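Chemist: So the chains spell out like this:
There are 2 protein chains.
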Amino acid sequence: MGDEGTYVALGLKVWKGQIERADKLFGGLSSEEVLREIAPGRNRLLYLWGHLTATHDAMLPLLGLGKRLHSEFDVAFVSNRDKSQAAIPAHEQVRQAWKTVNGELWKGFEKMSWSDWLQRHTAVSEEDFAKDPSRNRFAILLSRTNHLSYHLGQAALGLK
Amino acid sequence: MGDEGTYVALGLKVWKGQIERADKLFGGLSSEEVLREIAPGRNRLLYLWGHLTATHDAMLPLLGLGKRLHSEFDVAFVSNRDKSQAAIPAHEQVRQAWKTVNGELWKGFEKMSWSDWLQRHTAVSEEDFAKDPSRNRFAILLSRTNHLSYHLGQAALGLK
Numbered sequence: 008m009g010d011e012g013t014y015v016a017l018g019l020k021v022w023k024g025q026i027e028r029a030d031k032l033f034g035g036l037s038s039e040e041v042l043r044e045i046a047p048g049r050n051r052l053l054y055l056w057g058h059l060t061a062t063h064d065a066m067l068p069l070l071g072l073g074k075r076l077h078s079e080f081d082v083a084f085v086s087n088r089d090k091s092q093a094a095i096p097a098h099e100q101v102r103q104a105w106k107t108v109n110g111e112l113w114k115g116f117e118k119m120s121w122s123d124w125l126q127r128h129t130a131v132s133e134e135d136f137a138k139d140p141s142r143n144r145f146a147i148l149l150s151r152t153n154h155l156s157y158h159l160g161q162a163a164l165g166l167k
Numbered sequence: 008m009g010d011e012g013t014y015v016a017l018g019l020k021v022w023k024g025q026i027e028r029a030d031k032l033f034g035g036l037s038s039e040e041v042l043r044e045i046a047p048g049r050n051r052l053l054y055l056w057g058h059l060t061a062t063h064d065a066m067l068p069l070l071g072l073g074k075r076l077h078s079e080f081d082v083a084f085v086s087n088r089d090k091s092q093a094a095i096p097a098h099e100q101v102r103q104a105w106k107t108v109n110g111e112l113w114k115g116f117e118k119m120s121w122s123d124w125l126q127r128h129t130a131v132s133e134e135d136f137a138k139d140p141s142r143n144r145f146a147i148l149l150s151r152t153n154h155l156s157y158h159l160g161q162a163a164l165g166l167k
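From first to last, the protein sequence lines are chains A and B. The working numbering puts the first residue of the first sequence at 8, with every later residue one more than the last. The working numbering puts the first residue of the second sequence at 8, with every later residue one more than the last.
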């Protein structure tokens, strides 16, 4: 493995570490606990968990790894605020989707070579990518890892 | 610039983006507002800002970029909880230190070559580094960026 592979391996290690942190934090909650708000009047833990699941699900097509598995999560957890929808996916559905989506992502990551990470992501056109090659898949990995950390910091406030 | 440089540039871009986000969030607060808790009974915004400053200050020696500038921040913002100390650095001191520390870090980053980032950080011995070369400076950059995101997510709750 050359030096390029070292950077990718580091990026993946940090991603994996944050996923494990989220597994532990959200995975240990009961169906009552996931409905707890992180602070009075703020998002519930289930909303954050669903929001992260939907965001990670959208990474599948963005990184060219496959179709979305749970685009129905967007209405409940992305395009609308918490507590604005009459019905949202239940605790068990979010738990399952979180596991499936991150499993699929990881399988895809393992198949990618270090140079694949420098290819454009699918939300940028070839023309725009030619102008700014930093809009690549590795940039998505880093930014989504930080997005996960951002909400993990919030979710931690919802614990006892 | 080879591909190795591309990864480093991406890591630095994400770091810079989060620093700018923090500049905007914390920099826009009045001296009354920084004393607001992010949620009832939780850390105050000033504590988070000081905590991030101290953490970034410690990156200077960790990355071999120089001595710490504000090690006195640790008592107030790292080794003790918020509201446990009789006196902590004031708003203006934190603002100045945040600016100085991140400025010094960036100056150091600009002097580093991509291969410098794969060198061991100073908290790991040569022996341990030989066993696990992932304990390098790029790993510190990625993990500290995520640490920043984690607390930014919390700090955002303290805004109106």
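Calculated directly from the structure, the hints in this document are not laboratory data. Values in this document were obtained by computation on a predicted structure and should not be read as measured data. Keep in mind that the hints are not guaranteed to be accurate.
The list treats identical chains as interchangeable, and a pair is accepted whether it falls inside one copy or across any two copies.
Unchecked claim - Okay, derived cross-link-like pairs now, DMTMM-like style, lysine to aspartate or glutamate, Cα gap no bigger than 20 Å in a straight line:
(1) K90 / E44
(2) K167 / E79
(3) K118 / E44
(4) K138 / E117
(5) K20 / D139
(6) K90 / E133
(7) K138 / E79
(8) K20 / E44
(9) K167 / D135
(10) K118 / E99
(11) K167 / E11
(12) K138 / E40
(13) K31 / E79
(14) K167 / E44
(15) K138 / D10
(16) K23 / E39
(17) K167 / D81
(18) K114 / E44
(19) K114 / D135
(20) K23 / D139
(21) K167 / D30
(22) K106 / E40
(23) K20 / D89
(24) K167 / E117
(25) K20 / D135
(26) K74 / E27
Chemist: For each hint, tell me whether it holds in the structure or not.
Modeler: Structure-based check of all given hints:
1. K90 / E44: within (11 Å within a copy, 24 Å between copies)
2. K167 / E79: Neither: 31 Å inside a copy, 31 Å across copies.
3. K118 / E44: neither (38 Å within a copy, 45 Å between copies)
4. K138 / E117: Neither: 28 Å inside a chain and 23 Å across chains, both beyond 20 Å.
5. K20 / D139: Between copies only: 13 Å across chains, 26 Å inside a chain, cut-off 20 Å.
6. K90 / E133: neither (39 Å within a copy, 53 Å between copies)
7. K138 / E79: Neither way: K138 and E79 sit 34 Å apart in one copy and 45 Å across, limit 20 Å.
8. K20 / E44: This pair counts as neither: shortest intra-copy Cα distance 30 Å, inter-copy 33 Å.
9. K167 / D135: So K167 and D135 fail the 20 Å test inside a copy (47 Å) and across (37 Å) alike.
10. K118 / E99: neither (29 Å within a copy, 50 Å between copies)
11. K167 / E11: Neither: 42 Å inside a chain and 43 Å across chains, both beyond 20 Å.
12. K138 / E40: neither (47 Å within a copy, 42 Å between copies)
13. K31 / E79: neither (25 Å within a copy, 34 Å between copies)
14. K167 / E44: For K167 and E44, both the intra-copy (11 Å) and inter-copy (17 Å) Cα distances are at most 20 Å.
15. K138 / D10: between (25 Å within a copy, 17 Å between copies)
16. K23 / E39: neither (27 Å within a copy, 39 Å between copies)
17. K167 / D81: neither (28 Å within a copy, 26 Å between copies)
18. K114 / E44: For K114 and E44, the Cα distance exceeds 20 Å both inside one copy (33 Å) and across copies (41 Å).
19. K114 / D135: neither (28 Å within a copy, 30 Å between copies)
20. K23 / D139: Only across copies: K23 and D139 sit 17 Å apart there, 27 Å inside one copy, limit 20 Å.
21. K167 / D30: Intra 17 Å, inter 30 Å, cutoff 20 Å: intra-copy only.
22. K106 / E40: within (19 Å within a copy, 40 Å between copies)
23. K20 / D89: neither (31 Å within a copy, 31 Å between copies)
24. K167 / E117: For K167 and E117, neither the intra-copy (36 Å) nor the inter-copy (42 Å) Cα distance is at most 20 Å.
25. K20 / D135: between (29 Å within a copy, 18 Å between copies)
26. K74 / E27: neither (24 Å within a copy, 34 Å between copies)
When the structure is compared with the earlier hints, violations turn up for hints 2, 3, 4, 6, 7, 8, 9, 10, 11, 12, 13, 16, 17, 18, 19, 23, 24 and 26 and for no others.
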